[in-house]
Amino acid sequence: MTPTLFGRIQTRLFMVFTFGLVWSIVILPVLPRPAGASLGDVAGDVLTALVGVALLGVIWELVYHGFQQIRWEKDWPSLFGLLTGINEGLLLFVVLDMPLSTFLVHFTTTWIVIWLALHGPMRVLFLRWRFRGGRLV
Amino acid sequence: MSDTDTDAGLSGAPGDLTQELIDTATWTDQQITAAGIPMVDVPIVSVGGGLGSLALVDYLRIAGVPVQDIAVLTPNKRPSETYEFLANNSQIPRHERLRSDSGSVMDNIWGFPSYALREAWNEKGLKNKIFPVWQVTTEPILAEYYTPKSGQVYESVDRETARIGWTQMLRPGQVRMVRRRAGGGFLTILTPPPGSTQTRRVAYRSRFVHLSLGYPGVRFLDDLRSYRERSGDHRRVVNSYEPHPHVYEELARRPCTVVVRGSGIVASRVLQRLLDDNDAGRTQTTVVHLFRNYVNGPQGESITFRRPGTGGFAYQAFNYPKAAWGGQFRNQLLELNGDARSDFIDTTGGTNTAPRKDWRVQLERAGSIGTYQQRVGQVSSVEPTEDGFRVRTEVQDKTGASFSVDADFIIDATGLEASIRSNRVLADLVDVSGAQTNPKGRLETLPTFEVVGTRSEPGRLYASGSSTLGSTYAPVDSFLGLQYSAQQIAFDLGAMGAVPKLGPLRSAKEWFRWMQNRPPS
Ligand SMILES: Cc1cc2nc3c(=O)[nH]c(=O)nc-3n(C[C@H](O)[C@H](O)[C@H](O)COP(=O)(O)OP(=O)(O)OC[C@H]3O[C@@H](n4cnc5c(N)ncnc54)[C@H](O)[C@@H]3O)c2cc1C
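Protein chains in written order, with the numbering used here: chain S, 1 to 137; chain D, 1 to 521.
Honestly, the hints are just simulated from the structure, not real lab data.
Possibly wrong hints are sitting among the right ones.
[Claimed, not checked] Cβ pair distances, simulated, as ranges:
hint : chain 1 : residue 1 : chain 2 : residue 2 : range
1    : D       : ARG159    : S       : ASP97     : 50 to 60 Å
2    : D       : PRO447    : S       : ILE27     : 34 to 44 Å
3    : S       : ILE27     : D       : GLU364    : 43 to 53 Å
4    : S       : VAL94     : D       : LYS398    : 55 to 65 Å
[What the hints assert, rightly or not] Which chain S residues face chain D? A few, computed with CB under 10 Å, are given here:
hint : residue
5    : PRO77
6    : PHE93
7    : THR109
8    : PHE126
The model shown is predicted, which means the values in this text are computed figures rather than measured ones.
Note that CB positions come from ideal geometry on N, CA and C, so glycine has one too.
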């Protein structure tokens, strides 16, 4: 998938609240929990993180789109999709008030799940998605 | 690829075209019956039977269209036949890698699993399994783009054609013309192989017609065409897309000089073949590479719109930038019209080759020992040498100075014939049926790939492949482009209710069937 700006934003929001959400629920019980924290506390943190990835993500996508403009191919290699997890993760951690271990496990695995889903399941479910720069509607 | 079929009937054979039919733009069923031509009813006809036909038929079969609702009119048995012929000639044997990427998967409408994943799956040994995955994950930043071996494409296409019942949809023969039918839809005239049917022609009466006819033939540079016509020498001056093994055989017998014309991907292939033979000690060839336009730096003024280039070649991984298939360039082109559209296609496409390190290294090495030489200029004449054994190319450079190159062979690696006038079906469509042409002189198509000017309610006529270049999509002549066209056509048909829609659930279900190699449900 070679994203357009609009496609990026749509895909981002969709991925976070579908694949990202489902994965978060699956992994929730086994996430590292600080002493004294309840499952509900962690669930709250995880949800905040997801919303954070979505909202900050919209701003990140603007930056990425700008960077994409100096590439002749106007593409976004898979590797970038993986590596941008680092800058996004760092910023998100700074912004959020979340135990490091919980954040690290949740964020990293969710990022990878979404990245993998972009390379297979999304193509299978939405045939036009890869030809429309990531737009779903 | 040539159509040897004689013109208007009057052959005396039963069931042939009549002068009346040829002169009438819109046919009635009675006219066909009166001419004694049998009529076959089928809702969807795809003419060509190449990769473009496969792309559409695959899509429709997966959407749920049964085999009896589709007829593929073609002289070929396998969809990759013509492609394989051209690829072999242009020095891409089965073990060589193609140009397109891992996700341009000709036998799978989803692009998943990609060629790279499948190669990893099938290869033996950990290293061979990991490498394609590493390459496709890190391309084009840490590794070059992964591209599949042509053999993998042919084998997987054969598997898919068997799965979707391709042979059941085949109607062998050459199509002579497609005309509008009074009352709607189209009549497609097929000339089956002699002796296979009772009549000379068979008419296919359908609501929808799809044309994907590929290239009508090879095209020579003007000076080379003129040399071939004047001298009758088709041995020393060859086109890279036609069979030319005699050149390589002769080179193995004695040291020769070969002139290569062109600087696109096929020129790169030919250079590789020539220099590989030298490197392996099979030949002692001197290659003179003649450029008309020498690219010696990035093309384009703006930092956001500049293509890399150096050493004579314009470089990009694929024939268009990636974003032309489904990114922002696709959107941009949809907004353009006329010459602006044509210019945009030229700027993003045009002559270019893939930035492959092994090619660059090979050229540099051969350049340093003089077996590969670059010359730049405008060819003023091509004549036989005095002794008649070689061909002399006279060239004028930018300063007006001229030089000449005597060579044993000249390989024209510049192109295939793409003019739609050279294909009689398309020429007839334009001349008689009102098909519009675009700024590149090819068929003007809507974003749905319907050919503008041919509507025959409730029927529609679509085209894909090289005959539509210059309309709203640039990479029409590529695996992924053919699949894109197929998708647009299938959605257009779906929107009319003519074929089932392919929504997420069915798509997923069909994907699982594909994985199990079970026929579409
Ligand atoms: C050497 C070469 C290498 C390429 N490499 C790549 C690559 O790496 N990646 C990529 O994505 N694309 C590549 N392409 C581009 C593209 O994918 C192919 O050109 C593809 O085969 C186009 O499909 P098509 O259906 O338009 O034409 P074809 O596959 O050529 O099929 C058209 C068929 O129509 C038939 N036909 C013509 N007229 C009639 C008629 N009147 N009646 C019945 N049948 C008729 C012909 O016999 C032919 O078999 C390459 C092209 C060439 C030539």
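### Task
Compare the structure with the hints numbered earlier in the document and write down the numbers of the violated ones, lowest to highest.
Violated hints (numbers, rising): 6 and 7; every other hint is consistent with the structure.
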